[in-house]
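Peer 1: Keeping the supplied structure of chain Z fixed, place chains D and Y upon it in accordance with the hints.
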Amino acid sequence: MEFLLVQALSGLASAASLFLVASGLSIIFGVMRIVNFAHGAFYMLGAYVAFTLTDRFAGPLGFWGGILVACLVVAAVGALMEMLLLRRIYHAPELFQLLATFGVTLMVEDIVVLIWGAEDLMGPRAPGFTGAVTVFGRLVPSYDFLLIALGPIVLGLLWLLFHGTRWGVLVRAATQDRDMVASLGVNQKWLFTSVFALGVFLAALGGALQIPRTTVSHAMDLSIIVEVFVVVVIGGLGSVTGAFVAAILVSELNAFGILVLPKISMVMVFLVMAVVLVVRPWGLFGKPEGTPRAAAGLSIRPWRPMSALERMGVAVAILVAASLPVFAGNYALSVGTEILVFVLFAASLHFLMTVGGLASFGHAAYFGLGAYGAAFMVKFLGAPMELALLVGPLLGLAGAVLFGWFCVRLSGVYFAMLTLAFAQIAWSVAFQWVEVTGGDNGMLGIWPSKWASSPQGFFWLTLAIVVIGVGVLRMLVFSPFGYGLRAARDSTLRSEAIGIDRKSTQWAAFIVAGTFAGIAGALFAFLKGSVFPENLAIPTSVDGLVMVLLGGIETVSGAVIGAIVYKALAIWLMSKTELSKLVLGGVIVVLVVAFPKGIVGFLEDLRHRRRRPPAPDGAGPEAAGYVAKVEAAE
Amino acid sequence: MSALLQVEGLAKSYGGVHAVRGVSFALDAGTILALIGPNGAGKSTCFNMLNGQIRPNAGSIKLEGQEIVGLPPRAVWRRGVGRTFQITATFPSMTVRENVQVALLSFHHKLWAMVGYAGAAHRPEADRLLALVGMEAQAERPCGELAYGDLKRLELAIALANNPKLLLMDEPTAGMAPKERVDLMRLTAKIAREKGIGVLFTEHDMDVVFEHADAVMVLNRGELIATGTPEQVRRDPQVRAIYLGEGLLYDAKHREGSAA
Amino acid sequence: MKLEVSGLNSHYGPAHILFDVGFEVGAGEVVALLGRNGAGKSTTFRSVVGLVAQRTGQIRFEGEDVSRLPTYEVVRRGLGYVPEDRRIFTELTVEENFTVGRQPPRAGVATWTPERIYELFPNLGEMRKRPGGQMSGGEQQMLTIGRTLMGNPSLVLLDEPSEGLAPKIVEQMADAILTMKREGLSIVISEQNLHFAKLISDRAYIIEKGRIRFSGTMAELEANPEVRDAYLAV
Numbered sequence: 011m012e013f014l015l016v017q018a019l020s021g022l023a024s025a026a027s028l029f030l031v032a033s034g035l036s037i038i039f040g041v042m043r044i045v046n047f048a049h050g051a052f053y054m055l056g057a058y059v060a061f062t063l064t065d066r067f068a069g070p071l072g073f074w075g076g077i078l079v080a081c082l083v084v085a086a087v088g089a090l091m092e093m094l095l096l097r098r099i100y101h102a103p104e105l106f107q108l109l110a111t112f113g114v115t116l117m118v119e120d121i122v123v124l125i126w127g128a129e130d131l132m133g134p135r136a137p138g139f140t141g142a143v144t145v146f147g148r149l150v151p152s153y154d155f156l157l158i159a160l161g162p163i164v165l166g167l168l169w170l171l172f173h174g175t176r177w178g179v180l181v182r183a184a185t186q187d188r189d190m191v192a193s194l195g196v197n198q199k200w201l202f203t204s205v206f207a208l209g210v211f212l213a214a215l216g217g218a219l220q221i222p223r224t225t226v227s228h229a230m231d232l233s234i235i236v237e238v239f240v241v242v243v244i245g246g247l248g249s250v251t252g253a254f255v256a257a258i259l260v261s262e263l264n265a266f267g268i269l270v271l272p273k274i275s276m277v278m279v280f281l282v283m284a285v286v287l288v289v290r291p292w293g294l295f296g297k298p299e300g301t302p303r304a305a306a307g308l309s310i311r312p313w314r315p316m317s318a319l320e321r322m323g324v325a326v327a328i329l330v331a332a333s334l335p336v337f338a339g340n341y342a343l344s345v346g347t348e349i350l351v352f353v354l355f356a357a358s359l360h361f362l363m364t365v366g367g368l369a370s371f372g373h374a375a376y377f378g379l380g381a382y383g384a385a386f387m388v389k390f391l392g393a394p395m396e397l398a399l400l401v402g403p404l405l406g407l408a409g410a411v412l413f414g415w416f417c418v419r420l421s422g423v424y425f426a427m428l429t430l431a432f433a434q435i436a437w438s439v440a441f442q443w444v445e446v447t448g449g450d451n452g453m454l455g456i457w458p459s460k461w462a463s464s465p466q467g468f469f470w471l472t473l474a475i476v477v478i479g480v481g482v483l484r485m486l487v488f489s490p491f492g493y494g495l496r497a498a499r500d501s502t503l504r505s506e507a508i509g510i511d512r513k514s515t516q517w518a519a520f521i522v523a524g525t526f527a528g529i530a531g532a533l534f535a536f537l538k539g540s541v542f543p544e545n546l547a548i549p550t551s552v553d554g555l556v557m558v559l560l561g562g563i564e565t566v567s568g569a570v571i572g573a574i575v576y577k578a579l580a581i582w583l584m585s586k587t588e589l590s591k592l593v594l595g596g597v598i599v600v601l602v603v604a605f606p607k608g609i610v611g612f613l614e615d616l617r618h619r620r621r622r623p624p625a626p627d628g629a630g631p632e633a634a635g636y637v638a639k640v641e642a643a644e
Numbered sequence: 174m175s176a177l178l179q180v181e182g183l184a185k186s187y188g189g190v191h192a193v194r195g196v197s198f199a200l201d202a203g204t205i206l207a208l209i210g211p212n213g214a215g216k217s218t219c220f221n222m223l224n225g226q227i228r229p230n231a232g233s234i235k236l237e238g239q240e241i242v243g244l245p246p247r248a249v250w251r252r253g254v255g256r257t258f259q260i261t262a263t264f265p266s267m268t269v270r271e272n273v274q275v276a277l278l279s280f281h282h283k284l285w286a287m288v289g290y291a292g293a294a295h296r297p298e299a300d301r302l303l304a305l306v307g308m309e310a311q312a313e314r315p316c317g318e319l320a321y322g323d324l325k326r327l328e329l330a331i332a333l334a335n336n337p338k339l340l341l342m343d344e345p346t347a348g349m350a351p352k353e354r355v356d357l358m359r360l361t362a363k364i365a366r367e368k369g370i371g372v373l374f375t376e377h378d379m380d381v382v383f384e385h386a387d388a389v390m391v392l393n394r395g396e397l398i399a400t401g402t403p404e405q406v407r408r409d410p411q412v413r414a415i416y417l418g419e420g421l422l423y424d425a426k427h428r429e430g431s432a433a
Numbered sequence: 603m604k605l606e607v608s609g610l611n612s613h614y615g616p617a618h619i620l621f622d623v624g625f626e627v628g629a630g631e632v633v634a635l636l637g638r639n640g641a642g643k644s645t646t647f648r649s650v651v652g653l654v655a656q657r658t659g660q661i662r663f664e665g666e667d668v669s670r671l672p673t674y675e676v677v678r679r680g681l682g683y684v685p686e687d688r689r690i691f692t693e694l695t696v697e698e699n700f701t702v703g704r705q706p707p708r709a710g711v712a713t714w715t716p717e718r719i720y721e722l723f724p725n726l727g728e729m730r731k732r733p734g735g736q737m738s739g740g741e742q743q744m745l746t747i748g749r750t751l752m753g754n755p756s757l758v759l760l761d762e763p764s765e766g767l768a769p770k771i772v773e774q775m776a777d778a779i780l781t782m783k784r785e786g787l788s789i790v791i792s793e794q795n796l797h798f799a800k801l802i803s804d805r806a807y808i809i810e811k812g813r814i815r816f817s818g819t820m821a822e823l824e825a826n827p828e829v830r831d832a833y834l835a836v
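Listed in order, the protein sequences are those of chains Z, D and Y. Taking this note's numbering, I'd label the letters of the first sequence as residues 11 to 644. Taking this note's numbering, I'd label the letters of the second sequence as residues 174 to 433. Taking this note's numbering, I'd label the letters of the third sequence as residues 603 to 836.
Please note that the accuracy of each hint is not assured.
[As the list claims (entries may be wrong)] A short, non-exhaustive set of chain D residues, derived as facing chain Z with CB atoms under 8 Å:
| hint | residue |
| --- | --- |
| 1 | Y187 |
| 2 | G188 |
| 3 | V190 |
| 4 | H191 |
| 5 | F198 |
| 6 | T263 |
| 7 | W285 |
| 8 | A286 |
| 9 | G289 |
| 10 | Y290 |
| 11 | A294 |
| 12 | P315 |
| 13 | I331 |
| 14 | I398 |
| 15 | T400 |
[What the hints assert, rightly or not] As a list, the in silico DSSO-like pairs of lysine-lysine whose alpha-carbon atoms are at most 27 Å apart:
| hint | chain 1 | residue 1 | chain 2 | residue 2 |
| --- | --- | --- | --- | --- |
| 16 | Z | K460 | Z | K389 |
| 17 | Z | K199 | Z | K460 |
| 18 | Z | K460 | Z | K513 |
| 19 | Z | K538 | Z | K297 |
| 20 | D | K368 | Z | K513 |
| 21 | Y | K731 | Z | K297 |
No lab work stands behind these hints: they were computed from the structure. Please read all numbers here as calculations on a predicted model, not as lab measurements. For glycine and all other residues, C-beta sits at the position ideal for the given N, C-alpha and C.
If we strip away everything but chain Z, and leave its shape as in the complex, we get:
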């Protein structure tokens, strides 16, 4: 009994930081409708800057002053990011904002290593709170009690701020209607910047307050951001109270989950989240979103099947690819095979994201599951490659069946965050279940059958499977099922009104996408001869997103082009620089801001413009219709 109480106290202490970070994320989302992926990075920066300051200035004043200054510094960095980056993309689809802030996260990870080194750092203890208090004969750090008290205090202060000051009233008003706030004479640009700075301040405070408890490391951003996503999804995006309750819930689940399922304690938390989402899709304290924004992938230029000329072009391209082994060396062939694998992966994500309008931030889960499925077949059942390639992807399919059922209940950012969370479950299982998966050491010795073991042979095998896979996906796009899927994406209202079951249709698309990702994953396992938890980690998911985005999100064929260009670029960059994350993050940010339609989208725009000059100004029937529509919608 005593032990349980102490465990509960430790959970409450962990909840404080989680609440601080989650409330910041929630406030930012509430007003700006942006899910700030970089929130974990600001949490980490808070910890690092506080480490430096408290290390330099000793004593109580140095410590507490250092923490405060650290938070202010990081908040200023956040404000700068809002002004330089986010202001340019407020009107972009949610996906682009998530990606841009993810790009910033990547950059910060490398910058942190550049400044503070890759080693974990031990911060000072908090002056005045270095001892421990005996509770039922067990020692509880006194600092924990400070943190436990801090949570409700911050919650109360935030409530006062939002209900007792004019700034708070303005923020609450802007949460509902930004344009109206501007129409009442409020400079909403600065309102946004200040809200963002407050949110980042809270994240940095969460990080800075962790330094007496844990080491400071350059991986703390991703570990917290996933937990924070879980917290805000359970609590409800935009609700500070929800973040508070959910932070306690999640921390206690973690504290006790370790006792019940020591290996996979995260799973408990995700199970609770899944239940909450099924019962209340917008979280415990959240409100249903009013009008959802247009889904990703919505183009007003209808897609057409390929013309005879285009089909011939594709056939020539495949022939050229098939002749690669004749003149390319082994290294080039293995690069080529890897690119092909990612073409299939990107095409599967494209199907879900562009055709289905469901931007998944955890598509690597199904890629990785397919890879592990193949590895299990080889390692545990001694299956040959042929069988493993057939059965392995079924694990991806099974994962998609299970996770997809929950995910399609949501849409927009909630969907993105839930897919990310599920991918993290899959990752933590692969990482922690060492007996089965080998944990961090991965599983080695997954080699192809003899006939396909040469680089040439495996290249041809991969080419054949990928061509068939992409072909099947493309056929699905133009099939009745693909049209039903697009209908559900274009207008939920209309599709339900003509008998389309949106959830089932999208679930099926999720399963299709997961299965093809699984096929790509199984191929990848045999290409590398091994599988690792990285195969289902966040960076792999984001690689897929960037490929689709780079190719052009509104196009049918963009994913293929995007995958080729991006993978080739990434492999080349990795060989050139140590700071691959910095470069990659920078590329993502530039891409989102300057090139939102992607390569194929850009080319199509050019072609379209040349074919049809823009309609001359005038009160044509179109224009008249448009006025009416706009005015009716206002």
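Peer 2: Same frame as chain Z, now just chains D and Y:
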């Protein structure tokens, strides 16, 4: 013979506020019924309950004698209820014809087919529906660039794809030019009478209402305050006081018998 | 002139909505912008306060060119805007809605306090702590006007203040607008309801398909039934 649509004691409240209460009416096949009333009187709530988007707190909605309360919109549609929206809801990423084809594929239970080109499915039927609303010439155009009046007509074609017995039209002429309004409602009336479809529509334009409706219901604060022929409703002193006013908001030819 | 608008052209995406719209408002005048649904009334107002991104033309407010200023700067100069669908903050109480609209007093212009607005709209005084979402349509219309008055404007654009309101409330609204006029405010209303416009306006413009088709006093409009019948769906 029982009515096509029989509504009894329909009620809905939000957080203690009654949006709709005790609404009862009947609609026969081939007739056109208008639902009018001030903004916020509960017309949209009423409509959304009829097609299953909102679940009523109480009441019964019978389509050809069968209860449809509690069914989701897609199931209500399968029973033969077509719907158009106040702000058009179409599929902007598709062509005009494809919009109708999707509805037809759904009607013929073929949306789960994973092979075959959907753009080639049910073309003659789609073109026939488009011709019915006068949109055949625009079949290949992207839906996203249509003029507003054309979008409304396309919506009508989509709503007709399941051979509906009942058509629900929420402000069918809102945002259209006067001539377009008259044309669209004439077309709707013609189709409804030819095919024996019951039509229920909400509308703010009294010219449209008085010209085309066989009967008019007036909703105020969630309750029906009058039901009858356009003539009866127009003369009803309560309706005049609450909604029609002094008759300055509609054409003089519809005003005979009124005080103004 | 209080407000002079000339050569206003607005676009939404590819669609050209307003064509060389021009109108002026004198100090203390009530001017009606009449036109059907979709004629361009709301777009005109939104363009004047800078809520339409693609817009050209000149907008002079109290002699100053405000056409390049962001919305909040235009409003801070005393040009108040009440949107057509009220857009009150439903989660905020009546008092908090007023707080959002509050601006410093302006020289030479009536200064509004919540108390003075409760005098104008007594209904609101009885529900100061009520969230906007729990108010009737008429009360919300009063709240949205009161909220804009809290910015101490010298001119107010009122977009369809009578829409969807019971006639009794519309009468109250007309009284309130005439009171605001007596306080020295200039007012532009957009309306479809000619009856209501006649009660309060000095002059009128008729807009149709994004173009101004008529301008004159209410008496001149009265004397021109053919103009009225051609452009207004009354």
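Peer 1: Now, for every hint given, state plainly whether the structure supports it.
Peer 2: Hints, verified against the model:
no. : hint                : verdict
1   : Y187                : 13 Å, violated
2   : G188                : 13 Å, violated
3   : V190                : 17 Å, violated
4   : H191                : 21 Å, violated
5   : F198                : 22 Å, violated
6   : T263                : 6 Å, holds
7   : W285                : 6 Å, holds
8   : A286                : 4 Å, holds
9   : G289                : 6 Å, holds
10  : Y290                : 5 Å, holds
11  : A294                : 6 Å, holds
12  : P315                : 5 Å, holds
13  : I331                : 6 Å, holds
14  : I398                : 27 Å, violated
15  : T400                : 27 Å, violated
16  : K460(Z) <-> K389(Z) : 17 Å, holds
17  : K199(Z) <-> K460(Z) : 63 Å, violated
18  : K460(Z) <-> K513(Z) : 44 Å, violated
19  : K538(Z) <-> K297(Z) : 46 Å, violated
20  : K368(D) <-> K513(Z) : 33 Å, violated
21  : K731(Y) <-> K297(Z) : 22 Å, holds
Consistency note: the structure conflicts with the earlier hints numbered 1, 2, 3, 4, 5, 14, 15, 17, 18, 19, 20.
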